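Chemist: Okay, here's what each chain looks like letter by letter:
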Amino acid sequence: MLTIQNLHKAYQTHTVLDQVSLELPQGQVLAVLGRSGCGKTTLLKALAGLLTLDAGSINWAGESMDAVPSREREMVYLFQEPLLFPHLSVFENLAYGLRVRKEAEAQVQQKVVQMLQELELQEHAQKKPSHLSGGQRQRVAFGRAIIFLPRVLLLDEPFASLDAQSRASMQRLFLRLARKYNITALFVTHEVKEALLVGDRFAYMAAGKLQVYTSKDAFIADPQTGVRDELAFWSALEQQTTYQP
Amino acid sequence: MLRRILTAILITAILLPFLFFGVLSVGQAWFYPSILPQRFTLSNWQELLVGQSELQLSLLLSLLLGMGVAILATLAGFVISKEIARAKYKNRWLLLAYWPFVLSPVVLAILVQRFFLLTGMSGEVIGVLLGQFILAFPFAVIFFQSFWTYEILQMEQQSQTLGASAVYTLQQVLLPLAKPLLLICFFQTFLISWFEYGLTQFIGLGKIKTLTILVFKYVNEANIFHAALASLLLMLPPALLLWLNKKFVFRGI
Chain A
1 MLTIQNLHKA YQTHTVLDQV SLELPQGQVL AVLGRSGCGK TTLLKALAGL LTLDAGSINW
61 AGESMDAVPS REREMVYLFQ EPLLFPHLSV FENLAYGLRV RKEAEAQVQQ KVVQMLQELE
121 LQEHAQKKPS HLSGGQRQRV AFGRAIIFLP RVLLLDEPFA SLDAQSRASM QRLFLRLARK
181 YNITALFVTH EVKEALLVGD RFAYMAAGKL QVYTSKDAFI ADPQTGVRDE LAFWSALEQQ
241 TTYQP
Chain B
1 MLRRILTAIL ITAILLPFLF FGVLSVGQAW FYPSILPQRF TLSNWQELLV GQSELQLSLL
61 LSLLLGMGVA ILATLAGFVI SKEIARAKYK NRWLLLAYWP FVLSPVVLAI LVQRFFLLTG
121 MSGEVIGVLL GQFILAFPFA VIFFQSFWTY EILQMEQQSQ TLGASAVYTL QQVLLPLAKP
181 LLLICFFQTF LISWFEYGLT QFIGLGKIKT LTILVFKYVN EANIFHAALA SLLLMLPPAL
241 LLWLNKKFVF RGI
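From first to last, the protein sequence lines stand for chains A and B.
All residue numbers for the first sequence refer to UniProt numbering, where the first residue is 1 and numbers rise by one.
All residue numbers for the second sequence refer to UniProt numbering, where the first residue is 1 and numbers rise by one.
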């Protein structure tokens, strides 16, 4: 269980995280919806240990993560851009986390080959990232992050730069692998549909404050999330299309 | 056709000084209006290769200073440039790095002369090395700013969250990515040291005779055969580095 209590972060007089608290059971995905500049990235970077907090605590399975450096937290932050290592092949990019952990070569080979199959990238194993499409690069970045089964995956609008088709494909892939590997994740997005699709639990972030909902219905019912407006828009559009002569 | 002519002119322009100094370096007794020297001898070259001549010592000294300055400036520039790229007031620090070039090396030498006198480093190899480093280091800092982009810094953070230590990230990610730039910076800073005259003369008090200093000395003495040999030696390493640059560093770019 990931437990966050009263996280606070401010830059001079501007508060970016304001008493943020949440609990996330293992194997669940928390979809965090919010507009640009609401503090979502700061929250994820703080969890990954890439930012120092002014106050608050982060615990995993009862163990405090506050003093644990980012490389030992096992909480992988996935940037909006894939950030693959350009000098390494797809195979070596996927193997990176395993090599860092000094896993035996046979294990590395077996896990990477399996991950390549999961990502449907077998024929691209020896290619450099520059020879892949945007969607393929994002798949490699995702595979590289989950291959060593981290405690928590922190996804910062990971599919935002993809076209609609690749995005839908990535969402399906994420859901399939999240279930298969029992991934605990915070999935930040500004897209209502994506949040509803990937989340087991739901939260809304605005001006540094995080509102966690007890259910999907409660998330949809809250007018500030904008879910109802979006549903109403699509419903109206559907009716228009149906009754057109 | 035009391209071939231009290439031929370019190659001639590069090779002609080598040929000219090469002929002069093996010459002896050259009097007006003869086109070529009266006699040819390898004694100047023997002097360089055998025994401890002034020319041989200054060649070794120049190589030592060039390598020392290039290694120190490249390593320090790489590290400090990263800190500047991450700093809050990045532009202020960068402005400071431009300072030696705005002042000009000789004016800089006059300004720092007192420091070198007080520390007893004037007229010493270490003093000249430090003086040349004052020029090469800011160059390296400015040079590496193009490497430390936001994307590279994010990549470093990505490596950290994947579990890599700072050393592992440096070895497996940053150094392989920076390798071409590290080599170019090494070559450039070596050349800064190799051709440096004003600051070397001022801090070295004329006692530290690098190859560049020696060329000027021979020219002043009207010792054209030694001056030609020293000039030839002065031109060889940059030519070699340019060739290596073209062959290995820019390969695939």
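Think of the hints as simulated: they come from the structure by calculation, not from any bench.
The model shown is predicted, which means the values in this text are computed figures rather than measured ones.
Treat the hints loosely; a few may be bogus.
[Unchecked claim] Lysine to aspartate or glutamate pairs mimicking EDC-like chemistry, simulated, CA-CA at most 20 Å apart:
#	chain 1	residue 1	chain 2	residue 2
1	A	Lys180	A	Asp229
2	A	Lys111	A	Glu74
3	A	Lys209	A	Glu191
4	A	Lys216	A	Asp229
5	A	Lys45	A	Glu72
6	A	Lys45	A	Glu63
7	A	Lys128	B	Glu156
8	B	Lys88	A	Glu63
9	A	Lys128	A	Glu92
10	A	Lys128	B	Glu47
11	B	Lys179	A	Glu92
12	A	Lys45	B	Glu54
13	A	Lys127	A	Glu81
14	A	Lys45	B	Glu156
15	B	Lys207	B	Glu221
16	A	Lys128	A	Glu118
17	A	Lys45	A	Glu23
18	B	Lys209	B	Glu124
Chemist: Each hint: holds or not?
Modeler: Against the structure, the hints:
Distance hint between lysine 180 of chain A and aspartate 229 of chain A is unfulfilled; the C-alpha atoms sit about 33 Å from each other, more than 20 Å. In summary, the hint linking lysine 111 of chain A to glutamate 74 of chain A is supported, as the alpha carbons are separated by about 18 Å, within the 20 Å threshold. A hinted pair counts as satisfied when its Cα atoms are at most 20 Å apart, and lysine 209 of chain A with glutamate 191 of chain A qualifies at roughly 18 Å. Between lysine 216 of chain A and aspartate 229 of chain A, the direct Cα distance comes to roughly 15 Å. Compliance with the 20 Å bound is thereby established for this hinted pair.
For the hint linking lysine 45 of chain A to glutamate 72 of chain A, the alpha-carbon distance of about 14 Å falls within 20 Å, and the restraint holds. Taking the CA atoms of lysine 45 of chain A and glutamate 63 of chain A, the gap is about 19 Å. The hint holds against a cut of 20 Å. The suggested pairing of lysine 128 of chain A with glutamate 156 of chain B holds, with an alpha-carbon distance near 19 Å, which does not exceed 20 Å. In summary, the hint linking lysine 88 of chain B to glutamate 63 of chain A is not supported, as the alpha carbons are separated by about 34 Å, beyond the 20 Å threshold.
Between lysine 128 of chain A and glutamate 92 of chain A the alpha-carbon distance is near 9 Å, which keeps this suggested pair within the 20 Å criterion. Distance check on the hinted pair: lysine 128 of chain A and glutamate 47 of chain B sit about 54 Å apart at the alpha-carbon level, beyond 20 Å; violated. For the proposed pair lysine 179 of chain B and glutamate 92 of chain A, the alpha carbon gap of about 19 Å is at most 20 Å, so the pair holds. With a C-alpha separation of about 61 Å, the suggested pair lysine 45 of chain A and glutamate 54 of chain B falls outside the 20 Å cut-off, and the hint is violated.
Restraint check for lysine 127 of chain A and glutamate 81 of chain A: the C-alpha separation of about 19 Å stays at or below 20 Å, so the hint holds. Restraint check: the Cα-Cα separation between lysine 45 of chain A and glutamate 156 of chain B comes to about 13 Å, which is no more than 20 Å; the hinted pair holds. Annotation: proposed proximity of lysine 207 of chain B to glutamate 221 of chain B holds, straight-line Cα distance about 17 Å (limit 20 Å). Of the pairs offered as hints, the one joining lysine 128 of chain A and glutamate 118 of chain A holds, with about 19 Å between alpha carbons and a cut-off of 20 Å not exceeded.
Pair hint lysine 45 of chain A plus glutamate 23 of chain A holds up; C-alpha atoms about 17 Å apart against a cutoff of 20 Å. Of the supplied pair hints, the one linking lysine 209 of chain B and glutamate 124 of chain B holds, its CA atoms being roughly 11 Å apart against a limit of 20 Å.
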